[in-house]
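Student: Generate the whole structure from the sequences, applying the supplied hints.
Each residue of the sequence shown is one higher than the one before, counting from 4 in this note's numbering.
If you're looking for bench data, these hints aren't it; they were derived computationally from the structure. Predicted model only: the values in this text are computed from it and were never measured. By construction, the Cβ of each residue, glycine as well, lies at the ideal position given by its N, Cα and C atoms. Certain hints may be false.
[What the hints assert, rightly or not] Pairwise CB distance ranges, derived in the manner of DEER restraints:
id	residue 1	residue 2	range
1	PRO52	PRO261	50 to 60 angstroms
2	VAL220	LEU119	17 to 27 angstroms
3	ASP168	THR104	32 to 42 angstroms
4	PRO37	ARG107	42 to 52 angstroms
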Amino acid sequence: MDGRKRLGAYLKARRELVTPEEVDLPRGSRRRVPGLRREELALLAGISPDYYLRLEQGRDHNPSPQVLDALASVLRLDSDATGYLHQLARATAARPARRETEERVPPGVAELIEQLTVPTFVQGRFMDVLAANPLARALSPQYRPGVNLLRAVFLDPRDRQLHQDWDRATAESVAGLRAAAGVDLDDPRLDELVDELCRRSDRFRRLWARQDVRPKVGGFSHMLHPVVGPLKLRHEKFTVNGADGQLMVMYHAEPGSPSHAALRRLEEPGAR
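Tutor: Okay, here's the thing in structure tokens:
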């Protein structure tokens, strides 16, 4: 799919998520579309319905930044999603397939995480665990090299039990994957992963169709560990410089909290 068709698909997906009530339009009794009609979006963005139709059908490849910003405003896109919209508009031709290379963690980073006293792992562009320290592996058996975290969170029942905020975790994972991929969606590894998860998980298929874009950032995770019990942890995510798309993920708890004490118990042999 070239950039023009991706732009159109993105506009259509986001248009279907905006209700008439959100933009002060009457719903009416004969509405057949889940969100805004094309002509409604065009009117609110100040462009002609015919021009918008050409954009959504991939027949126009040069929308101005002003038009894109107007569409983003009506579609209620945040800054990350608006930036992604502009990226799509600039990607007007199909890109050559990325040459697949093995992802490797820089040796210094691998050495560093082994010395850290909090659960830490490194993930690749498509959420494959590339390296993990013992505390990360004690926190979850999924945090070990060779595991794909997307497959784990959507397909492994153990992850659903671990992540008490599973809905948040899955939504953020999919939005983060799309943000990491950007407009480079022709990667064979990504195609394979998305196709598999769309076949095997209804929730993944619905989330992927939304085309949410949200870079991976820190936040809170609520977990239920089978040995040390409930955990309220912060997760921090850092870009690994010089490694294409790699992130270092660290979990930590508020000092003196029950979760902090529980993390310390993960160091005991019986918790692993």
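Student: Does each hint hold? Answer for all of them.
Tutor: Each hint tested on the structure:
1. Distance hint check: the CB atoms of PRO52 and PRO261 are about 58 angstroms apart, consistent with the given range 50 to 60 angstroms.
2. Against the hinted window of 17 to 27 angstroms, the Cβ-Cβ separation of VAL220 and LEU119 comes to about 20 angstroms, which satisfies the hint.
3. The beta-carbon spacing between ASP168 and THR104, approximately 34 angstroms, falls within the hinted interval of 32 to 42 angstroms.
4. For PRO37 paired with ARG107, a C-beta distance near 44 angstroms keeps the hint of 42 to 52 angstroms intact.
In summary, the structure agrees with every hint in the numbered list given earlier.
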